[in-house]
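Novice: Given chain P, work out where chain F should sit, using these hints.
Protein chains: 2
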Amino acid sequence: MSDAVTVTFVSPKGDSPGGGSPDGGVAARKVRSARGATFLEAAQAAGLEVTATCGARGRCRSCRIQVLAGDLPPPTIMDEVQLGHDEVHERFRLSCQTRVIADCKVMVSPPKAEVGHQILSGSASAEQVQRVGLDSGIEKRLVRATAPTDEDHQTSDAEEILLALGKASATPLQPDVLRAVPAALRDADGAVTVTSFNGSVIDVEAGDTTEQSYGMAFDIGTTSIVGSLTDLNSGAELAAVGGINPQAVYGGDLMSRIAYAQYEPKKLQTLRARVLNAVNGFIKQACKEAGVETRHLHKLVVVGNTCMHHIFLGIDPTYVGLAPYAPAARDPIVASGEEVLLKSVPRARVCFLPIVAGFVGADTVAAVLATRIYDSEETRALVDIGTNGEVVMGSRDGLMACSAPAGPALEGAQIRHGMRGAVGAIEKVEIDGDVFNQVIGDSPPIGICGSGLIDAVAKMLDAGLITDMGLLEYDHRDRFSAVLRERLIKKDEKEQFVLAWAEQSGKEEDITLTQGDIRQLQLAKGAICSGVMMLQQVMEVSNEQLHELMLCGGFGNYINTASAVRIRLMPALPLERITYYGNAAALGAQMALLSETERARAEKLAREIEHVSLASHPDFQEIFVEALQFPVRKMPATESPSAAAT
Amino acid sequence: MSDAVTVTFVSPKGDSPGGGSPDGGVAARKVRSARGATFLEAAQAAGLEVTATCGARGRCRSCRIQVLAGDLPPPTIMDEVQLGHDEVHERFRLSCQTRVIADCKVMVSPPKAEVGHQILSGSASAEQVQRVGLDSGIEKRLVRATAPTDEDHQTSDAEEILLALGKASATPLQPDVLRAVPAALRDADGAVTVTSFNGSVIDVEAGDTTEQSYGMAFDIGTTSIVGSLTDLNSGAELAAVGGINPQAVYGGDLMSRIAYAQYEPKKLQTLRARVLNAVNGFIKQACKEAGVETRHLHKLVVVGNTCMHHIFLGIDPTYVGLAPYAPAARDPIVASGEEVLLKSVPRARVCFLPIVAGFVGADTVAAVLATRIYDSEETRALVDIGTNGEVVMGSRDGLMACSAPAGPALEGAQIRHGMRGAVGAIEKVEIDGDVFNQVIGDSPPIGICGSGLIDAVAKMLDAGLITDMGLLEYDHRDRFSAVLRERLIKKDEKEQFVLAWAEQSGKEEDITLTQGDIRQLQLAKGAICSGVMMLQQVMEVSNEQLHELMLCGGFGNYINTASAVRIRLMPALPLERITYYGNAAALGAQMALLSETERARAEKLAREIEHVSLASHPDFQEIFVEALQFPVRKMPATESPSAAAT
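Chains as they are written, first to last, in the working numbering: chain P, 1 to 646; chain F, 1 to 646.
Just chain P, same shape as in the assembly (with noise of 0.2 Å):
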């Protein structure tokens, strides 16, 4: 595997882009470009002539591209705000803002999408950047104030400043502001640069500092955290962070570290800690890399499963790990950073988005709110990957939603060789006579990440490595060609199956998948199929009826949907009804933090969504058992429906 891949460009009528090239006859024009770089920047860079009329900033559309073949990319914050849901569902993108990972064929310039499904309603008009209109809340007005002078016997700072906001009559402003207020004044020669969100004021600095307004969404998760920062102005992603979540030393899943937590205050503040101190590494991370002033951050949105959310406000969620597992709270709550101990944004206002129900938090919100799956008219179900895995079915009509624990196992978290998504991670595996791993960054193997696990176990299903029921075949492994036979070992007493030997690893010993690794794999794919097969029992929904099937998550790499399939992460659906979002929970929050209406379309949202008990519902442990197994057959795809959808 090299680090170069092939990108075959074709235009609209067949004949190849790039206007003035010779060869103009040709259908396509094949140009080799490094992964990471972006479409624009292949075709730029073999000469290719790419309108981008914004300058690559995400911020016009004339630039799209459509995935014609090849893995898809999910779709960037830009590629929400400027194309639509529409678009991106039907492969659009950015050429400017979406990086090449894998060979593939993209059409420049294509024409508005063949409406495959209308989710948003009105039309899809060239006004595009009003579905994710750009409307934080945030606004930051320059006004020219005086400070009182001896003429002015009955005056103050702040009536100077709302009088030349021409808001003489606002809400008197806060402390935290009005500490700001007095040097503001006089530092830049009545020339103050006034925030706000919603009308109500935040922040007053000295001089002009209109340009800068940045915003960062977070999205919380049991075993990491992500976070971007984005220009409020223009919408532009500027930098993203993540990692660990600090806190998975307490406890790899929810109920772990709920116990661990539980009735024990001092705990439950270790925990916090925790998260806010990688919060505000992140925020600062963020703002260096971007070269933004965290005091230019005015706005937060804070996505995360219940119990995350709880842990990072300081409320107990002792009860949210136990039956009927019932939050606190599921109204939004908007604080300032200062509230919420957030001590490297005292002044922005943080929002946490709202929660559905125990085990259905914000960031299922926010995945709702990314994939629109609330205006479709079709059914749709959504499925959100994570260490739970929460499943939303349902259509404009209406959407239920449940919750499976599903465990870290996809984050690579409790297995041998799991790791995250980085550099050095096994993320595809072909197994043809040997086995051949696709390593991200073109390292050798240190680890392997979710995708590649879904990826081994599917391949190794295949050649009949694994059975049905999940066992390794070791004992059987004289069936097996010589080389693959060797990779089946015993070695600590355990059952495992080599997939890079010590000698080409980065790590100089065998990375592995153990017997085990295997069992904590079918326990995810178990619980999160079990999800998805109980709403559609009590939805009524068979395998037919399901339209679509949007996989989200922010585990390992770009997911191979085939594979997840092999194993049954989910049931039984044709390949082309699977589509792989990426982090939509991560989206959603991002486009929570541009958009006051998708705020606001958010809370809605977490009202009407019903939840489905899984834990309380009697054919549950059923359903999971059947769940649990591996489909006997390479290719379900033409079987009958699965017993949940008869």
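Derived by calculation from the structure, the hints in this document are not laboratory data.
Wrong hints could be hidden among the right ones.
To be verified - Covered, in the sense of this in silico footprint (three residues per stretch, anywhere, with C-beta under 8 Å from a C-beta of chain F), are these stretches of chain P: (1) 28 to 42; (2) 174 to 188; (3) 305 to 319; (4) 326 to 340; (5) 608 to 622.
Cβ atoms here follow ideal geometry from the backbone N, Cα and C, with glycine treated the same way.
Specialist: Using the frame of chain P, we list chain F on its own:
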């Protein structure tokens, strides 16, 4: 002097009170009482029957008395609540609340006040309590809520509580309240007390704590801090605390305090920490004395001058100290204890009354509230003496205010033997052949308080020991009797007058008044008097037209108004037009604590009061120089009006 005084009780018809008394024909009954006892206790100890329907809790008017002769104790908050301003001004008091301070004659069960001036709108009805209605804005309600059960798939703890409260659609609970929710809902089997302030939920507690609803009012002075703890259900004052403002070591007056903090954020933080520590300490002390848990303090009202207000909130006071002395803000502020770093009461609502101008602060607004000068038909003046002396003049037709920098002399500071009005302070002086001191607590003198200082200088002026220019007659000491001559001494190069010899003194050194002390007093009283004179000039109010002068301030002990006029602390008015009103700022803060109507009134008043800047007025210097001098003759009451009133 003894600590026992004589109280003469008379009945309205002139017969001795107490019904069953054998000497029914005698017009009065003399009773010896300990100073500091309440009038009710004095009466009961002597076997007199005084009806106290509410059990001496200040909750009815049955035990009221009228002080016919002798020093009038300042009104308490319960006098205001039960009797209203009219009767308070007519020397009515509740005998259960009012303490005996000197020999006096009082009438029990007096008829309703012969209304001298109707300050209150509406008639003096039986519903006196409505005058300061108990509408603190704090409401505690006990509700029965059930923690979510297995049947509730989709609710939350907070929703169950709000539902039980009948406020399902209320504003979402903020994180600080939410933290208390899960335990509160489960610790007392669903019995939850919900505390709200003006409809917003600010706390939840397990069990029934509706009876425990308390608040504190604080007057943060430059020199001293006083606080009182009040039961918000009954209006009863439960504890009074106070002491030196510990910022004082960084400057005795406002200007030196501001100069210390100027441009130096760290020093501002030092001053802020000092006042916060002191207030937190007073909160704990008051709660301990009253047997109240700090968590049941739900509302605080804080008044103070603009500089104290800014420092308390961490706002740079630099520009309050530079012309035109503009504050950062004038609006009232309401914040949580957590927000303003009052760590002992994180969830209480802390209300800062509004500000009129840089040197006419929230304390003055509170004094206006307490004296009800805003509703007076005739022109009155209110003089609030602190380190700055604020003067408010006017009537229901409008009010003007100014501020005079008096310095801390009248609060006992920067006086050689100065002290607060505590045990050991000389509070009264008689010079009749020799010097006789009245000392608080009837103990040996250890210093002199503000009222003692005024009294001493007044009597020394009468005796000719001080000239009208303020010079100690040391050089002419041979004019005096041997006893007084001996008291005029020179020590450490300083001319001084011995009030108490070392052998009588609790400090075992002479307690003296120095020439410097007299100069400090002159500067203080000159500043205050010129403030009154200046407003008289601007508003064209002669001494004759000034219906009443209400002298307020927490300084020393009960001030002798005759002495105050003698030294020209105020213009030459007939004594009967001068009322000593006690610490009106603290009383106003208590009124705003008990009544949101009063707090709203404060906001309106602050906007309406017109500020007159002394410093920028061309006539001020001339008036000030005149006011510095002492009047030549002993009793100026019959003199022609002063220059200011011409």
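Novice: Next step is simple, just say for each hint if it's right about the structure.
Specialist: Evaluated hints:
With 0 residues bearing a CB less than 8 Å from a CB of chain F, the region 28 to 42 of chain P misses the requirement of three and the coverage assertion fails. Proximity of the region 174 to 188 of chain P to chain F, defined as three or more residues with a beta carbon under 8 Å from a beta carbon of that chain, is established by the 9 residues found. For the region 305 to 319 of chain P, the stated coverage by chain F holds: 6 residues have a C-beta nearer than 8 Å to a C-beta of that chain, and at least 3 were required. Only residues whose beta carbon comes within less than 8 Å of a beta carbon in chain F count, and the region 326 to 340 of chain P has 12; three or more means the coverage holds.
Residue count for the region 608 to 622 of chain P with a Cβ under 8 Å from a Cβ of chain F: 5. That meets the three needed, and the coverage hint holds.
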